[in-house]
Amino acid sequence: MVAACAIRIPVIGSLGNFALTRVRGLGDFGIFVGISLGAAFSTRRLAGRVIRSIYEQGLRCLPVILIVGLFTGLVLGLQGYYVLNRFGSEGLLGTLVSLSLVREMAPVLAALMLVGQAGSALAAELGIQRNSEQIAALETMGIGSHGYLVTPRLLASLFVFPLQTALFVTVGLWGGSLSGSLLLGVDPGVYWSAVERAVEGKDVRECLLKAVTFGLLTIGICAYQGFHAHRIRQATGARAVSAATTRAVVISCITILAADYAITSFLV
Amino acid sequence: MSAPAIFPPTGVDGRPANRTPGKVLLRVEELWKGFGGRDVLRSVAFTVQQGSIFTVLGPSGAGKSVLLKCLANVEQPDSGRIFFDGALLDFNQRSARESFHRRCSFLFQGNALFDSLTAEQNVSLPLEQTTSLGRSEIRRRAVEALEQLELGECGEQFPATLSGGMQKRLALARAIVTRPEMVFFDEPTAGLDPLRRNAVFAMIAKYQLMFGFTALIVTHDVVEALAVSNEVALLHGGGICFGGTPADFAVSTHPVVRSFRDSPEELRSMLVGLRRGEDIRKEEDE
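Chains A and B supply the protein sequences, listed in that same order. Position 123 of the first sequence, counting from 1, maps to 123 under our numbering, and the rest follow consecutively. Position 200 of the second sequence, counting from 1, maps to 200 under our numbering, and the rest follow consecutively.
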C-alpha cells in the first residue's frame, strides 16, 4: 500500500507540473498577444511595417494558395460528382463544393498553408533575431520589440488570412467547375446557380470569422515561439531556432483544427 | 607597464569633450545577479565619472557581459541599486526606462545589426522609432553619423556586405546617432586579431573624445584597455577586486590583478621552461 502510494505521488506530481507549465504557457501567450496588440497604439510609423508584413504574408503565399485552392476544388468536384451521381443529384455539385469550401476547407487549408509558409518564416526570423541579440538591441534603443516586430505581423494577419481564404474559395469554386462541368459534363449554369443558392451570408461570416481567428492565433503562436527561442531547454543557437520553428508549425496546425471544431460547434 | 591615455582630454574636432571633472554619471551599489542558483555577480559596486572611459576587465566567464546587461536593462538584477546622473533607476517605471534609453546606448558583442535593413536604415532606426523628427531630418542625421564614422559611401549597403571593422563602426554610428551621454561596449574586440583590436580601441577613444560621451567597456584585452581607459575595474569571482587608474593597475600587488596582468609573461616563462626542459632531455638522449 505504502509502495503504491510512493509510486503514485511522483506521477501525480509530474502530471501536475505538466499541467501547470501548460497553463502558465497559455497565460504567457495571452499576455504576449495582448501586449503586442496594445503596442499598436504606441508604436511609431506602424503603417509602413504593416504594409510590408501584408506583402510578406500575402503576396509570397499567393502561389501556394492558388495551387492548393485549385486542386482542392478539382478533387471536391470529382469526389462530389461520383457520390451525387449515385443518387442522381449531380445538380447539387455546386452546393456541395461551395459549402465544403466556404464553411470548412478554405479557412482551414488556407491557414495551414499560411502557417507552412509565412508562419514558419516568421518563427525562424524572430528566433534568429533573438539569437543575434537584435531583439535585445531594440530594447536598449528604447524601441518596444513587441510593437516593432510582432504588432505589424498580427495586424497584417487580420487582412491577409480573410483575403487569402476568399481567394482560396474563388479558385476552389473554379476548380470544382472545371472538373464537374468541363470533365464530367455537369451543366455550368446548374453548377453556378447551385453555388449562388447554397452560400448564405452567415456562411461567409463564419468563413471570415474562422480566417481572422486562425490568423491571430497562428501568427501569434509563431511569433511567440520565435520571440522566445532562447527559452527552449537543452537547445541553443541554430538548434533553438530550428526547435522553435518546428514547435511553432506543429502547435499552430493543431490549434487551427481545434479552433475550427470549437467555432463550428458554436455556430452550427 | 605604465599606460597613460593616448588621446588628449579635448575633442579631436576642436570641440571640448563633454566632461564635468569629478561628476559621477553612473553609480552601482550592491548589485547581485544569479542564474540557476549560482551567483554570477556578488555585491558589485563602482562609480563611473562623466566623460571618462571606464573599463571592466575580467577573464571569460567572469560575468562582465551579465553586468553590462544588468546596467542596460537587458537582464534584471536580483538586487542592488543603479544611480544614473544622481537618480535611482527604477526600470519598472516606464518613464525612467525611456529616459535612460534616450540617454544611453549599447554596443553589442556581435553588433546586433538588422540584416534586412541597409546601413542607413540601421542608423535611422532609433530616430524613427523613438523621436518625432521628420523624415528629412532623420535622414540628414543618419547620413551625418555615417560620414563621421567614415561610412558615407556605405549607406545603401546591407551589413552582411561590410567588413568586420565597418560593421563595428556601423554599430557605433547607430549607437551615437541619438547623441547619448553614455555608451556601453560589450566585448568590442571579441574574436579580433591584435591589429584589429588596436583599431577598435583607437576608434572608441577617438569617437569618445569627438562626441564626448561616457564609455563603459567590458573586455579581457588588458593592454589595449589600459591604453585608452581613464579608470579600470577587475571583476573576479563575481565581485570587483580592484578599482583604480590604469597606472594603479600596472603597479598593483593584488594577487588576482598580478595574475591577470602578468599572464602573458607567465605563459612566456612557462614556454621558455618547457623548451629548456626539452633541450635538456635531447642533450641527455644524445
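There could be a bad hint or two in this list.
Heads up, incomplete: computed chain A residues facing chain B, CB under 10 angstroms, no partners named [stated by the list, open to error]:
#1 Glu125
#2 Gly147
#3 Tyr148
#4 Leu267
FYI, nobody ran anything at the bench for these hints, they're computed from the structure. For each residue, glycine too, the CB sits at the ideal point set by N, CA and C.
So, going through the hints one by one against the coordinates:
| no. | hint | in the structure |
| --- | --- | --- |
| 1 | Glu125 | holds (8 angstroms) |
| 2 | Gly147 | holds (8 angstroms) |
| 3 | Tyr148 | holds (7 angstroms) |
| 4 | Leu267 | violated (40 angstroms) |
Violation of the numbered hints given earlier is confined to hint 4; every other hint is satisfied by the structure.
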